[in-house]
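Got chain A sorted already, so can you dock chain B onto it with the hints?
2 protein chains.
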Amino acid sequence: MQRYFIDQTVEVHETYTMDTEHIHHIKNVMRARVDDLFTVVDNKGIAYIVQLTDAENITFKVMEAIGDEVELPVDITLFSPLLKGEKMDVVVQKSTELGVSDFVLYKADRSVVKLNSKKEENRQKRYEKIATEAAEQSRRTKVPSLTFSGTLKSIDFSSFDLVLFANEDENLSGRSIKNVLNDFNGISIAVIFGPEGGFSKNEADLFKAYDNVALGRRILRAETAPLYALSVIGSFYE
Amino acid sequence: MQRYFIDQTVEVHETYTMDTEHIHHIKNVMRARVDDLFTVVDNKGIAYIVQLTDAENITFKVMEAIGDEVELPVDITLFSPLLKGEKMDVVVQKSTELGVSDFVLYKADRSVVKLNSKKEENRQKRYEKIATEAAEQSRRTKVPSLTFSGTLKSIDFSSFDLVLFANEDENLSGRSIKNVLNDFNGISIAVIFGPEGGFSKNEADLFKAYDNVALGRRILRAETAPLYALSVIGSFYE
Chain A
1 MQRYFIDQTV
11 EVHETYTMDT
21 EHIHHIKNVM
31 RARVDDLFTV
41 VDNKGIAYIV
51 QLTDAENITF
61 KVMEAIGDEV
71 ELPVDITLFS
81 PLLKGEKMDV
91 VVQKSTELGV
101 SDFVLYKADR
111 SVVKLNSKKE
121 ENRQKRYEKI
131 ATEAAEQSRR
141 TKVPSLTFSG
151 TLKSIDFSSF
161 DLVLFANEDE
171 NLSGRSIKNV
181 LNDFNGISIA
191 VIFGPEGGFS
201 KNEADLFKAY
211 DNVALGRRIL
221 RAETAPLYAL
231 SVIGSFYE
Chain B
1 MQRYFIDQTV
11 EVHETYTMDT
21 EHIHHIKNVM
31 RARVDDLFTV
41 VDNKGIAYIV
51 QLTDAENITF
61 KVMEAIGDEV
71 ELPVDITLFS
81 PLLKGEKMDV
91 VVQKSTELGV
101 SDFVLYKADR
111 SVVKLNSKKE
121 ENRQKRYEKI
131 ATEAAEQSRR
141 TKVPSLTFSG
151 TLKSIDFSSF
161 DLVLFANEDE
171 NLSGRSIKNV
181 LNDFNGISIA
191 VIFGPEGGFS
201 KNEADLFKAY
211 DNVALGRRIL
221 RAETAPLYAL
231 SVIGSFYE
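Protein chains in written order, with UniProt numbering: chain A, 1 to 238; chain B, 1 to 238.
Okay, chain A solo, but in the shape it has when bound (with noise of 0.2 Å):
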């Protein structure tokens, strides 16, 4: 069933016109007639099947509650930096639908990409766009947040209960995942990876304080560490 994210609180029984954004698609890609049902979850991140009461202005009537708990347990938080040509857009549509919160780019003293601010706003609405229709994908009832931030340094990682930091260049000294959450009993959970070139000696300094992760016994590309240590935190707790 199609699945819009609106921007309303909606109730049970009630009727409501459709956010002017999903108009287009439900009346010329969707070709929508009334009486049709679909999803929308509302701005308070409740899913609901709602079936369509007017199919020129698009009303709809809220049917009832979607009870499926699609979302994980815990709240993740992807820090990355910025990696090049398309494999930011496989990181951000893949992390949603493998659960991830939030996402954070960060400045990587190794970067490869550096974006102005004009740019910046064009990427950041260009990934919010992949991380909506990946989460209506994937029936999620969250779309993950994305904020672009400075470097490491500037950022203060002391609000989360569970630090992960996946360094491939120490990537078989560290603990494995599932040990670590084995030991943890917190909500909220930052991993942050590196660029391409991996972490300079200064952002590893950075981390000493907390967990390194291992990711596996092979070397996984900058875009493939991400999706390998959401898809074992969300296994560990489904």
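Hints listed in this document are in silico derivations from the structure and should not be mistaken for laboratory results.
Remember, predicted model here, so these are calculated numbers, not experimental data.
Hints may be right or wrong, so weigh each one.
[Stated by the list, open to error] Cut-off 27 Å, straight-line C-alpha distance, at most; resulting in silico cross-link-like pairs (DSS-like, lysine-lysine):
{"no.": "1", "chain 1": "B", "residue 1": "Lys129", "chain 2": "A", "residue 2": "Lys84"}
{"no.": "2", "chain 1": "A", "residue 1": "Lys27", "chain 2": "A", "residue 2": "Lys125"}
{"no.": "3", "chain 1": "B", "residue 1": "Lys84", "chain 2": "A", "residue 2": "Lys129"}
[Stated by the list, open to error] Here are some chain B residues the structure puts well away from chain A; computed CB gaps all over 10 Å:
{"no.": "4", "residue": "His22"}
{"no.": "5", "residue": "Ile26"}
{"no.": "6", "residue": "Met30"}
{"no.": "7", "residue": "Asn116"}
{"no.": "8", "residue": "Glu120"}
{"no.": "9", "residue": "Glu121"}
{"no.": "10", "residue": "Asn122"}
{"no.": "11", "residue": "Lys125"}
{"no.": "12", "residue": "Phe207"}
Heads up, the beta-carbon is just placed ideally off N, CA and C, and yes, glycines get one too.
Same frame as chain A, now just chain B:
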């Protein structure tokens, strides 16, 4: 250190001439000089550090075997239909990084992509090249094999110790991969994925006797599902 898969069996202390196919890379890309070190993986899957002894004819002396075990302790054969466009490239590359042993590309009832035998041959070469490069980059000692096969019905799964069937339509009622692996002591695992449009009823019926596994609570795209499963299986053993 640069790594080459060679079609010879080598022994420590002996000197060999490099396979012709790698000579261009060593001479013109690496611009190697006498005494430079690199890694070869011989046709028995053993990795060695070798030293260049002749930079013109590219001969090398085998210095020592590398003991690192980077291969998974189980053999995973990934059964997938041919996916559209670049999705297949992504699956081949990332599955290789994640430790897959063999790929079998079968003809699904709902396959979108159909190839004649000439095109199949070209695709096979393309995917083998992607798998070889990914194996080199991730420092594996084994390049996954890749074969095209007929329909699922024509394949004999009885030689596998474990068959995991990833039917997205029944995802939520499936067992988790880690629960299945907890009860498993064998070596060879088949994991079967469907095309973009899912399995046909006939195909699903073939696997009623096997474990249907859940891939988390979110719907994953056809090319994301194998990466999740391989990450979770890998993390179970490492």
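Against the structure, the hints:
About 22 Å separates the Cα atoms of B:Lys129 and A:Lys84, which keeps this hinted pair within 27 Å; it holds. With a CA separation close to 24 Å, the supplied pair A:Lys27 and A:Lys125 stays within the 27 Å bound. Annotation: proposed proximity of B:Lys84 to A:Lys129 holds, straight-line Cα distance about 22 Å (limit 27 Å). Listed as outside the interface, B:His22 is consistent with that label: its C-beta sits roughly 20 Å from the nearest C-beta of chain A, beyond the 10 Å cut-off.
No Cβ of chain A comes within 10 Å of the Cβ of B:Ile26; the nearest lies about 21 Å off, and the non-interface call holds. Residue placement check: B:Met30 keeps its beta carbon more than 10 Å from all beta carbons of chain A (closest about 18 Å). Non-interface status of B:Asn116 relative to chain A is upheld: no Cβ of that chain comes within 10 Å, the nearest being about 29 Å off. The Cβ of B:Glu120 lies farther than 10 Å from every Cβ of chain A, with a closest approach of about 26 Å, so its non-interface assignment holds.
Every C-beta of chain A lies more than 10 Å from that of B:Glu121, the closest at about 27 Å, which supports listing it as non-interface. For B:Asn122, the shortest C-beta to C-beta distance to chain A comes to about 23 Å, beyond the 10 Å cut-off, and the non-interface label holds. With a minimum CB-CB distance of about 22 Å to chain A, B:Lys125 clears the 10 Å threshold, and the non-interface call stands. Remark: the non-interface label on B:Phe207 is consistent with the geometry, its nearest Cβ contact in chain A lying 21 Å away (cut-off 10 Å).
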